Structures are given as C-alpha cells and as structure tokens.
Amino acid sequence: MAPRTAGHIDRRFAAEDATAALDAKPGSAERLDALWETPHTWLAWLTTVDHKALGIRYIVTACVFLVLGGLEAAVMRLQLARPEAHLLSPEAYNRLFTMHGTTMMFLFIQPVLSGFSFYLTPLLIGARELAFPRLNTFSYYVFLLAGVFLYAAFIIGQAPDAGWFNYTPLASLPFDTGHNIDFYAIGLLFLGVATTVGSINLVVTILRLRAPGMSLDRMPLFLWSSLTTSVAVIASMPALTVALLFLELERRWHFVFLDPRWGGTPLLWQHLFWVFGHPWVYIVFLPATGMLSMIIPVFSRRPMVGHNIVALATVATGLAGFGVWVHHMFVTGIPQVSVGFFSAGSMIVSIPSAVQIAAWFTTMWYGRVVFQTPMLFALGFILQFVIGGISGVMTAVVPFDWQAHDTYFVVAHLHYVLAGGSLFAMFAAIYYWFPKMTGRLLNERLGRVSFWVMFAGFNLAFFPMHIAGLLGMARRVYTYLPGLGLDGVNLASTIGAVVFIGGTVLTLVNLLQSLHHGAASGRDPWHANTLEWSIVSPPEPFNFAQIPIVSSREPLWDGGVAAGPTLDQGRFTLLTTPLDAHPDGVVELPGQNVWPLIISLTLLGLCTALLVRSPLGIAAGAVTSIIAAARWMWPVHLRTLETDA
Amino acid sequence: MTAVPIDDDAFLRIARTGRDTGWWAMACVCGTEASFFAYLITAYAYLATRAPTWPPPGIPRPSLLIPVIMTVTLVSSSVVMAAAERAIRRGDVRALRHRLALSLLLGVVFVGLLAAEWAGKVAEVLPQTHVYGSLFYVMTGMHGLHVLAGLLMIGYTLVRALRGHFSARGFGGVSVVALYWHFVDVVWLALFTTLYLTPRFT
Numbered sequence: 299m300a301p302r303t304a305g306h307i308d309r310r311f312a313a314e315d316a317t318a319a320l321d322a323k324p325g326s327a328e329r330l331d332a333l334w335e336t337p338h339t340w341l342a343w344l345t346t347v348d349h350k351a352l353g354i355r356y357i358v359t360a361c362v363f364l365v366l367g368g369l370e371a372a373v374m375r376l377q378l379a380r381p382e383a384h385l386l387s388p389e390a391y392n393r394l395f396t397m398h399g400t401t402m403m404f405l406f407i408q409p410v411l412s413g414f415s416f417y418l419t420p421l422l423i424g425a426r427e428l429a430f431p432r433l434n435t436f437s438y439y440v441f442l443l444a445g446v447f448l449y450a451a452f453i454i455g456q457a458p459d460a461g462w463f464n465y466t467p468l469a470s471l472p473f474d475t476g477h478n479i480d481f482y483a484i485g486l487l488f489l490g491v492a493t494t495v496g497s498i499n500l501v502v503t504i505l506r507l508r509a510p511g512m513s514l515d516r517m518p519l520f521l522w523s524s525l526t527t528s529v530a531v532i533a534s535m536p537a538l539t540v541a542l543l544f545l546e547l548e549r550r551w552h553f554v555f556l557d558p559r560w561g562g563t564p565l566l567w568q569h570l571f572w573v574f575g576h577p578w579v580y581i582v583f584l585p586a587t588g589m590l591s592m593i594i595p596v597f598s599r600r601p602m603v604g605h606n607i608v609a610l611a612t613v614a615t616g617l618a619g620f621g622v623w624v625h626h627m628f629v630t631g632i633p634q635v636s637v638g639f640f641s642a643g644s645m646i647v648s649i650p651s652a653v654q655i656a657a658w659f660t661t662m663w664y665g666r667v668v669f670q671t672p673m674l675f676a677l678g679f680i681l682q683f684v685i686g687g688i689s690g691v692m693t694a695v696v697p698f699d700w701q702a703h704d705t706y707f708v709v710a711h712l713h714y715v716l717a718g719g720s721l722f723a724m725f726a727a728i729y730y731w732f733p734k735m736t737g738r739l740l741n742e743r744l745g746r747v748s749f750w751v752m753f754a755g756f757n758l759a760f761f762p763m764h765i766a767g768l769l770g771m772a773r774r775v776y777t778y779l780p781g782l783g784l785d786g787v788n789l790a791s792t793i794g795a796v797v798f799i800g801g802t803v804l805t806l807v808n809l810l811q812s813l814h815h816g817a818a819s820g821r822d823p824w825h826a827n828t829l830e831w832s833i834v835s836p837p838e839p840f841n842f843a844q845i846p847i848v849s850s851r852e853p854l855w856d857g858g859v860a861a862g863p864t865l866d867q868g869r870f871t872l873l874t875t876p877l878d879a880h881p882d883g884v885v886e887l888p889g890q891n892v893w894p895l896i897i898s899l900t901l902l903g904l905c906t907a908l909l910v911r912s913p914l915g916i917a918a919g920a921v922t923s924i925i926a927a928a929r930w931m932w933p934v935h936l937r938t939l940e941t942d943a
Numbered sequence: 003m004t005a006v007p008i009d010d011d012a013f014l015r016i017a018r019t020g021r022d023t024g025w026w027a028m029a030c031v032c033g034t035e036a037s038f039f040a041y042l043i044t045a046y047a048y049l050a051t052r053a054p055t056w057p058p059p060g061i062p063r064p065s066l067l068i069p070v071i072m073t074v075t076l077v078s079s080s081v082v083m084a085a086a087e088r089a090i091r092r093g094d095v096r097a098l099r100h101r102l103a104l105s106l107l108l109g110v111v112f113v114g115l116l117a118a119e120w121a122g123k124v125a126e127v128l129p130q131t132h133v134y135g136s137l138f139y140v141m142t143g144m145h146g147l148h149v150l151a152g153l154l155m156i157g158y159t160l161v162r163a164l165r166g167h168f169s170a171r172g173f174g175g176v177s178v179v180a181l182y183w184h185f186v187d188v189v190w191l192a193l194f195t196t197l198y199l200t201p202r203f204t
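Going down the list, the sequences are from chains W and H.
For this note's numbering, count along the first sequence from 1 and bump the result up by 298.
For this note's numbering, count along the second sequence from 1 and bump the result up by 2.
None of these hints come from the bench; they were simulated from the model.
Everything numeric in this text was worked out from a predicted model, so none of it was measured.
Every residue gets a Cβ at the ideal spot worked out from N, C-alpha and C, and that includes glycine.
One or more of the hints may lead you astray.
To be verified - Which residues of chain W face chain H? A partial, calculated answer using Cβ under 8 Å:
#: 1; residue: A429
#: 2; residue: L471
#: 3; residue: P472
#: 4; residue: F473
#: 5; residue: G476
#: 6; residue: T494
#: 7; residue: I498
#: 8; residue: I532
#: 9; residue: T539
#: 10; residue: L547
#: 11; residue: H552
#: 12; residue: W560
#: 13; residue: T563
#: 14; residue: L872
#: 15; residue: T875
Stated by the list, open to error - Lysine to aspartate or glutamate pairs mimicking EDC-like chemistry, simulated, CA-CA at most 16 Å apart:
#: 16; chain 1: W; residue 1: K323; chain 2: W; residue 2: D878
#: 17; chain 1: W; residue 1: K323; chain 2: H; residue 2: D10
#: 18; chain 1: W; residue 1: K323; chain 2: H; residue 2: D9
Unchecked claim - Distance ranges between label pairs, derived from CB positions:
#: 19; chain 1: W; residue 1: A772; chain 2: H; residue 2: A84; range: 55 to 63 Å
#: 20; chain 1: W; residue 1: A652; chain 2: H; residue 2: Q130; range: 28 to 36 Å
#: 21; chain 1: H; residue 1: T195; chain 2: W; residue 2: V373; range: 46 to 54 Å
#: 22; chain 1: H; residue 1: R52; chain 2: W; residue 2: A772; range: 26 to 34 Å
#: 23; chain 1: H; residue 1: P62; chain 2: W; residue 2: T475; range: 31 to 39 Å
Please work from the sequences and hints to get the whole structure.
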C-alpha cells in the first residue's frame, strides 16, 4: 500500500540527502569492515561480540522456548477440553503448568524483549556497539545454558512442579523431595546472572554511548522503556535471588527461613517472590509499550503526541511496580491496613498505563493511519491490553479478589496482559524490524491473515476463561467434573488455543519464506523517523560509517541528523555525557575472545555440581570460573583499557 | 540543523571529563548488590518483628568486641583504598602499590576475624537451630563472600599495578575496585547495625 503523504513525510524526503551523507567516506568502509567484521571461522561464530548477531540469536533462542512453552500449553488445553479426561496424570499436569509459566516468563518473553534491546539499542543511538560487547556474549550463553539446564530436568523426569511462583511449603523439602525444585532454584539463580549483566550493559550503553546531540528528551521512547526496565531488573532481581538462596539453603542444609516450627514463615517466600515478581510483570510489559510508541507514530505519519509525558509515564509505571506486590497476597490473611494500602496502590498503577494508551490514540487521531501488519498487531495489543487492564483493576478490588483469586479469572487476566500484550507487541516488532535485520520484507498478505487468525484464536481461547473463573473453576487443577457449566467454555478455550497456535505458525512460515525470498526492503520501507533506518539493511558490521550528530527527536523526518566523525583507526565509538549527550571522549571497545563462552560453561558446571551435591565439583567450578574471568579481563594492549577516567 | 562536519582529530582530542564505562557498570553492580543486602535486612527485620523475643530464648545477645574490631579494620581498609586512588591520580605508582597491598592485608584480617566470630557463635546457635541462626550466618556469610570477591579484585589490581598498567592518565581499573571496596564497607556498616546494635535496643 502506498503511504499517504503528510506534512512530515514531505520534509523527510527533503532530508534524504542528509542521511545519504552519512555513508562512508572513500576508503574508510574497508578499514571499518576489517575492524568490526566477525571473522568467518566457527570459533569466531561461536564467540562473536556483534550485538546484531547476538540480538538475533537471543530472539531466535527465545522463540524456540516459546515453541516449547506453547506445546506445553497445547497439551494442557487438550487435557482440559472435556471433563474428567485422562490424557495427563495430575503429576504430569503439575510439571506442565510449572514449566509453561517458567518458560514463558523467564525463557521467552523477557529474553525476547531484551534481544530486541540488544539488537536495536546501538542502532537507535548511533553507536557502533554496546558498552560491553563481551559481556553481551556472556549473557547470551548464560541465558541459553540456563534454559538447557531447566529443560534437562524433563530428560531425567524431574521437571519442576510447584508452579512458576514456587510457593512454599509446596516447594519445601518435606513436600517435594526430588530434584524438581532444585532445578528450578539453581536454574533461575543461573539465569538471573544473564538478566542482571544484560541490564547493566543496557543502562551503561544508553546513558553513555548516545550520539552527540541525542539528549535524554530526544531519546526514542523504546529506550526509555529499556532503561526503566533495566533499572527495575537491577533493583528487583535480588529479591528472587534472596528467596531462592533461602529455599536452597533450607532444602539442602536444613537452614530455616520458611518453616514456622523454628521461627520462619512461608509468607516470607511470597513477599520476596512478589517483590521481585510484580516489577517483573512491568519488566516484560514496558518494553512492549516502548515498541508500540515506536511503531504507532510511524504508521500514523506524525510524531508521537505527548512524547515527554509518555516517557514520564514509563518511568512512573516502573517505580509504581515496586509498591504493589501485596496485591498477589490478598487472601493470605495479612493485616487489613496493608490490604487497603496495596489495593489503592494497584489501582494507581493503571493511571500511567492509561496515559500511554491515551497518547497512542491521540497520535492516531491526529495522524493518518496506515494499516500495515505491524500496526495491526499494535492495535491488537492495545485492545487486549485494555481488557487485561480492566480485569486488573477488578482484581485490585479486594472483595472481588477474594472471590476470583486462584480461579481462571486470574488466568484470563494474566494472559490478556502478557500474551495479548507483550506477545502481540513482539509480533508487531518482528514485522516492523525484520526488514532492518534481513534486508527483506515479510509477505504483507500472509502477515494480515496471521494477525486475524491469531487475534480470533487468542480471544476465543482466553475470553471464556473469565467466565470459567466466575463460575468457580480453580486454577492449577488437572481436570473438572461434568455438569458444572464448565464444559462449553473449556472446549471453546481449547479450540481457540489451537486456532491461536495456527496463526503463529503462519507467521513462522512467513518468516522462513521471506528470509530468502522476500522482496528487498531498502533502507527504510516504512518511511520511519529514527536512526536505525538511515543505514543499509541489514546493517554493516560497524553500524554507522560516520557517527551521526542528532539535532531533533525525529531525525529522519525533519533533517535533524548530520555526519559526525569517522573514527576508523580502531574499534572506536563515541562517549557522551549522560544527560545532554555532549561528546566526552572516544572509547575503544574490546573484540571477541573465548573466555566469556568458557566462563558460562564453567558456571553451568558449577550449577550441575550444586544440583548433584558434589563439594569437589562446586570448588572446581568456582576456581575455573575465577580464572576464566581473570583471563577475560586481562588487557591485551594497554591502549584499550586504561584511558583517563 | 547543526550539520557542522567536524574532523576525526577534533573528536579524538576531546579530553574525557566523566568516569569511564567500567566505573558506571560497577556502580550498577553495587546497585544490584545493595538491593540484595537490603532484601536480606528486610527479611531479618520481618522475621525479628514477628518473633515474641529476639534473639529467641536461650540465645544471648551478640557480643560487640570482635565485630567492633572488624568494623575498624574494614573502614581503615576502605580509607587506605581511597588513598591508593589519590596516589595514582598524582601518578605515584609506588604509593599505589603499597596502599593496595595494605588494603589487601586489612581485608584478609577482616576475613580472619569473621572466622573467629563464627567459631564463637557456633557454641550459641547453629543455622539449623532457629531462624535467628540461619539469618546470622547467611547475612555475615554473604558479606564474607563479597569481601573475598573484593580481595580477589584488589589482588588482581595489585598484580596489574606491579606490571605498570596504571598512570596518572589511566587508572580506570583502580577506580572500579575502589568503588566496589567502599561499597562492601558500607554494606558491613548496615549489617553491623542490624545484627549487633538493634538487638540491644529491645
């Protein structure tokens, strides 16, 4: 469909010469290639530090986990399609719902969104790499190996089985004596390393490597989400670490934290888990809204309305996420005052979300909307997120929560926010950025069909769960009795789930087909506004032949970008000040070496030794990890590491 | 438009005014580790306030002698570390080496004192006895692990200093380690207050 031209687009075409001026000067492209390209050997492929390759690997790996998590969900839905089915035993059902939730929350949605951050952040800010390229390699491998570690539990028939929230005493030793919970606890501690260092990498990259002139108020909104999310990970992840540490010490060495017989309480687990778990909900939701704030202006053909207010709302949501964890615990018998406080807090969280939604609609209202596939997924996100938001406000009302808690109503709410929200945003992002990543367009018609099938399937699968919940169907039960009025809604949910999976398969087919046979996309198929579209698709290994200098918020629409320095005498990128992005020196970034891969493997060994309780293995894993870290950090030549602080 | 083409040389000559990226990353690490200890302390406070008496019956209030010496040792080590960073800012490599070594030594003394403190504690309470014991050992133990990590980092920096890696214009690695060491010190002050001082107020 030919885009209808609005005022901003006219100005953009006038500015096209300015972006062409960013292309390499004679001779420098060869030098930059030699400096930045990953060599063509298998070891180089394994240990690459290229944020684009690693970002795509993150996304692909997370999507493999999406398939696994989706299959687990499909089997559960088949079990629940009719009453008193015997496809699954209760034990198998427990393992499936635990691994489904754990996979989707920890191995799919957060990693896929940070995969986009790792891919996009340097391109959006005009930098050549992330601030710590090797740390990025390391965090990818830790993520991959932690996922393998968790799934290895299936192979030996001891998959975690106490839910993704892993409540004690269900998860305590007397009630769960196998290795199931140890896989969960050690696997998530391991995965937390990847999440934490990845977030630190993003924070430093966003604050220090932005192109000159890209002050915080000119920064794309996706980066506001990314920054808020990363800070939230840094502050909330340790609560899970403490909880898992307590649990493993209790299970392994009979420490007491959660057992009332010696002064502990299982409520401590719930507090720690939800102090982490509630911010986590925003950690997987805010990047999705950031993507929407990138896509909606482009397909509305006008700048985002209320850019600064949306940025502020993003930060406010991230902060408020820390103050509402108790709303997961309204039925645990905590004091009335806490219940009232956290009920009010939970309702307040909906305000910044409403602000963002209002800004999106206003942008569309004042723009000229082009309904291409990324925009369709974005609109699907908004509709489903609004439904999820409304059911969220309902469950924030304490008397209602007392009725709906632990029923399918909450399952419906959760999936509307996370699957209908984050997952649809991810599909929008895939359709939007695929041309940048591959240089090819996806099939538009197949994309639309995929969207409508997914949209119909999603709502057919999850809307009836509200009704099932209100009729009293409990969560986490492997079957139900006939004649309770649950048969129809459950059958509808199962049919919806099958349709939904069919829709996602269509996109998968589209991706595989277009990867080799899609039409060439050129630099900027959407006539977009941000820096990543000013360079060739897929980008050169060095991203920008000349570091751009930015003087507006929509650099490609109003000519607010000029060519800066070439910096082709080393693996250089530009450092700038955190607030105003004034040039603050040049930094040389390290290239690949093998140690980040090795240390991730030694850490996997350490985790396995913890699991099988081998003191010798633990010691060996720790010592080799320390040696690998020391080798990794040792400067190869002084110029790279010690410049003036 | 600010389309002023500036040549590479102009950019390569820009003098750095801010901290380097490694320091920022360590600040983030300290942020996440500070959260870790904050959650531990909160868990301690939560369980302590739920208990009828704290410490629980049969367990004496913790004595202060060794912990006070530990505090003095670690604070001194942190002061020495700050002096080490000042030395290398002046370009005094000799003083940097001496002060790193002294800081390392004080850190080792701290670990030794922690071992003595634990040896005395096992007569009173074990981790398996009561949640009080579990909290005591896990909090001091996790801090001890952070001290050990810091000692490894100081040792690594000392080796690099002996190889002549640092100068008045290049000392980012020293700043990173110094930041972490001050952080470990501050965490100890919080733990000292929580574990040794607050039980005396009840």
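Each hint, compared with the structure:
no., hint, verdict
1, A429, "5 Å, holds"
2, L471, "13 Å, violated"
3, P472, "15 Å, violated"
4, F473, "19 Å, violated"
5, G476, "22 Å, violated"
6, T494, "6 Å, holds"
7, I498, "4 Å, holds"
8, I532, "4 Å, holds"
9, T539, "6 Å, holds"
10, L547, "7 Å, holds"
11, H552, "5 Å, holds"
12, W560, "5 Å, holds"
13, T563, "7 Å, holds"
14, L872, "7 Å, holds"
15, T875, "6 Å, holds"
16, W:K323 with W:D878, "28 Å, violated"
17, W:K323 with H:D10, "12 Å, holds"
18, W:K323 with H:D9, "12 Å, holds"
19, W:A772 with H:A84: 55 to 63 Å, "59 Å, holds"
20, W:A652 with H:Q130: 28 to 36 Å, "51 Å, violated"
21, H:T195 with W:V373: 46 to 54 Å, "52 Å, holds"
22, H:R52 with W:A772: 26 to 34 Å, "30 Å, holds"
23, H:P62 with W:T475: 31 to 39 Å, "36 Å, holds"
Figure legend: structure checked against the earlier numbered hints; hints not met, in rising order: 2, 3, 4, 5, 16 and 20.
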